[in-house]
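Colleague: Residues per chain are reported as follows:
Number of protein chains: 2
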Amino acid sequence: MCALIVIFLVAVLVTVESHDEYESALFQRTQLLERGLNMMLGNDLELSDAEEQVNEYIMELKRDEVDFGFSHPQHFNYSKHFFDYKDEVQHTQLFKIIKQMPKGALLHAHDTGMLSPEYVMTLTYLENLYVCFEEETVKFLFARELPTSDCSTQWQLMRDARYSSGNVEKFDENLKKYFTLVIDDHSDIYTDINIVWKQFQDYFIRTTDLFTYEPVWEQYFYDTLKALREDNVMYLEIRSVLPGLYDLDGNVYDEMETLASYKRVIDRFSKDYPDFFGAKIIFAPLRSVQPETVKEYLQKAKIMKREYAGIFAGFDLVGQEDLGRPTKDFLKELITEAEDIDFFFHAGETNWYGTSSDENLVDAIVLNARRIGHAFALIKHPVLLEEVKKRNIAIEANVISNVVLKLVEDMRNHPLASFIAQGLPVVLASDDPGIWGADPLSLDFFVTFVGVASRHADLRLLKKLALNSLYYSTYSNKDKIVHEFDIRWARFIHNIQTNHL
Amino acid sequence: MCALIVIFLVAVLVTVESHDEYESALFQRTQLLERGLNMMLGNDLELSDAEEQVNEYIMELKRDEVDFGFSHPQHFNYSKHFFDYKDEVQHTQLFKIIKQMPKGALLHAHDTGMLSPEYVMTLTYLENLYVCFEEETVKFLFARELPTSDCSTQWQLMRDARYSSGNVEKFDENLKKYFTLVIDDHSDIYTDINIVWKQFQDYFIRTTDLFTYEPVWEQYFYDTLKALREDNVMYLEIRSVLPGLYDLDGNVYDEMETLASYKRVIDRFSKDYPDFFGAKIIFAPLRSVQPETVKEYLQKAKIMKREYAGIFAGFDLVGQEDLGRPTKDFLKELITEAEDIDFFFHAGETNWYGTSSDENLVDAIVLNARRIGHAFALIKHPVLLEEVKKRNIAIEANVISNVVLKLVEDMRNHPLASFIAQGLPVVLASDDPGIWGADPLSLDFFVTFVGVASRHADLRLLKKLALNSLYYSTYSNKDKIVHEFDIRWARFIHNIQTNHL
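Residue numbers (the UniProt record's numbering), protein chains in the order written: chain U, 1 to 501; chain D, 1 to 501.
Each hint should be verified, as a subset may be incorrect.
One copy or two, it doesn't matter: identical chains are merged, so the pair holds either way.
Heads up, simulated EDC-like pairs for lysine to aspartate or glutamate below, C-alpha to C-alpha not over 20 Å straight-line [what the hints assert, rightly or not]:
{"hint": "1", "residue 1": "80", "residue 2": "192"}
{"hint": "2", "residue 1": "328", "residue 2": "20"}
{"hint": "3", "residue 1": "332", "residue 2": "21"}
{"hint": "4", "residue 1": "80", "residue 2": "185"}
{"hint": "5", "residue 1": "80", "residue 2": "409"}
{"hint": "6", "residue 1": "62", "residue 2": "322"}
{"hint": "7", "residue 1": "80", "residue 2": "188"}
{"hint": "8", "residue 1": "295", "residue 2": "21"}
{"hint": "9", "residue 1": "328", "residue 2": "34"}
{"hint": "10", "residue 1": "295", "residue 2": "23"}
{"hint": "11", "residue 1": "390", "residue 2": "333"}
{"hint": "12", "residue 1": "390", "residue 2": "34"}
{"hint": "13", "residue 1": "328", "residue 2": "21"}
It should be emphasised that the hints constitute simulated quantities derived from the structure, not laboratory data. All of these numbers come straight from a predicted model, not from anything done at the bench.
Work out the full structure, taking the sequences as your base and the hints as a guide.
Modeller: Following this line, the structure appears as structure tokens:
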């Protein structure tokens, strides 16, 4: 009898103990997961009751998509190439909501990569445009008379070329291909990073004389601002090589005139749309040059800053990092001006770990960049990552660009997932959305939300990303712009409540 | 004159100041990069003069390959699928050296996925083997007489099927396809993770009755140990579902007999090759079961531990995490035994961030796993990553497996790069190398060295990864095995010096 009681008591004790162990494991489990969630970007924000309601609604839409992908990975878009789903997702309810959402500022984009091939096509219908079709490319020039510049075939009026082609539709279809990277058979054609980068850079070379005709330049930029405003972006900092503009008489102007042209457009647009908060220019000339040229760039930048203080944001260098010169080569020239000029360097837009282009990250940090463009490779540099956090340098993530330019295939492997998890100061940007047929910014928000971030990442992440784009901008009156953002955000929340809940 | 002197002095001062700034920037740059290098896995090791010489030689070979890829990304193998380069790289000098290199222990591999399709083909030439060809698969059974078990066509002696086929070569070629995932048109066929996982699991189902015939079982395992020894691996911890074995009379034995069979082979092999340090078994049954079944698993595991203490390493659960049950479902059952049984859970072998399978990582930690299999998703969980570091839980990385099973496409995006950069306790493993036509471990070392780690990662990383596999094993006499490793390592270094320098 006594033995039985002892056995019973031991059994009870074992049960109690194992129950306690389980409770404690569960507790520990919850704690660890919660600490992770607390660290996540945006999770420091408190949502209002109205926001909570909207959050529940959009999280339902998001979870539907993620959970469907989880069960049917063959149909999950964000593990595929952007071209394969970009049109489809724009019909989803969640995308439409993100489109309406105030997204703050666009801080990483290149001026002549903003608008769609359809838009660029309309420019080819303008008067006085000449065209030269060469073997694999095409040249443009606006002029009063037949151009005499280099053409291996012959210059002809675009209008004549188009209407003598016999099939205008076909002609336009072929012409449009020069204004986009989007093709159906992308996986057969874009087999490595350098091939797609060549196409990408050829676009810029090819369109230069189409865009730098002064009236076109101003129209393109005006329409860029318009597209941003319609995408619910309120402010822009745009990178430009500041190419020389020209007129019909063959006059060519310098980069100061280009900046003046930008100022005219910004002033005109702000007058036409006083609810837009304007734009600033980051002077970002090509990196594939000698150090002396960078020195000249910087002298120009200082003049720009003095003469166009209101619209000059700072300095960067552009071009494929792997093929251009590493930033280190210009360290001496750049450090001399680091006190005077704000830097916004492209860095770490590479997969080549431990190479000279990979090291551009350390130079961006040493040079006290305010923001770093891409920083894709930062995940492989824990010391630099800590430094970025400590110095509060913002990371301009461009997830769609990184897929198109072949840094990563499956969006779920984009290092941004980890940056968000660590609560790094991230802003979302779109780089050159026109070239890959994306809208100015909404698709980058959408894809990040559904394809990159955790299934648990919610409205707070979206709001934080938008707010970050204001905090890390160079817009001078932060209180004003954030206040206006808050008003628009409240209106957005109210609209969703009214129309969907 | 005085004005000129002042201007001169100011100019000198400005020059000096900007020179100082540059020097200080350079210094800071070097410091940051050095701190990064110091943190990198293996960089705490000091190399001897002889090792330094060998290091210079292998780094030359490595840099040649990386730098060629940098200039010709279309020819860089490790951004491509493993099947596209696996044969080619085995002819390189660097691979041959890594093949010779002592690699310590293999700690993450599955028992019936170790040997090549060519090897498995030899098993189909054994006596008493019957075969049943069904629509998309094939069944095997060793028996004295025509099997009566389920077959939608008909059972026939393998010998008869083969020699009545009219074309033995063609017959064998077709048969071999059942024993491998390697196909030429993999990018068309393996379009998503579930498709390739299905093929992968079908391999295991299909080969079960081929392998579980007791004489074959023992031969396969003996030959696995032999292949490991030839690949310069000195010790093994292998996962097994411990399937029931059978004999020609149709007797079926339980998992204890399978363990007994393993013990016999290990003893025999150790006698035949006393320079091998033996093997232990991780009991790793299927995870797609009810909690009560896991409880039964664990009861069996406890008996195994008691009765086969010398070869029983611990417990794990196997099967595709995304489709199986999450570990959380078994937390109660598992935590009860966490004191008694060592855990080596698969966790985070997923791209589905924030889902139940992703959370297996937290359970592995809470359950105090000694090592975690894969932990691919850990990069997205900074809190768990810190915990792994703090608790010194080893990460068993299987980079080739992760590409074949479609977690990542470009090896350079594998999170292992970041784990190595952070100095996490990593060991390299090969998962199921036979199924993708890799050797037991060398290719995983090679690909990690050239395709995943930094261009700067050198012999110290390779040595540390090998040493880690000993430290994080359950081999009881660490001093002995490390001492022997050191002897073999010295011999390896000496051989390279003698033959290549």
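Colleague: Each hint: holds or not?
Modeller: Structure-based check of each hint:
no., hint, in the structure
1, 80 <-> 192, "both (16 Å within a copy, 10 Å between copies)"
2, 328 <-> 20, "between (58 Å within a copy, 16 Å between copies)"
3, 332 <-> 21, "between (61 Å within a copy, 8 Å between copies)"
4, 80 <-> 185, "both (13 Å within a copy, 18 Å between copies)"
5, 80 <-> 409, "both (7 Å within a copy, 11 Å between copies)"
6, 62 <-> 322, "between (36 Å within a copy, 19 Å between copies)"
7, 80 <-> 188, "both (14 Å within a copy, 14 Å between copies)"
8, 295 <-> 21, "between (66 Å within a copy, 16 Å between copies)"
9, 328 <-> 34, "between (41 Å within a copy, 16 Å between copies)"
10, 295 <-> 23, "between (65 Å within a copy, 18 Å between copies)"
11, 390 <-> 333, "neither (25 Å within a copy, 43 Å between copies)"
12, 390 <-> 34, "between (23 Å within a copy, 18 Å between copies)"
13, 328 <-> 21, "between (55 Å within a copy, 14 Å between copies)"
Hint 11 alone, counting from the list given before, is not met by this structure.
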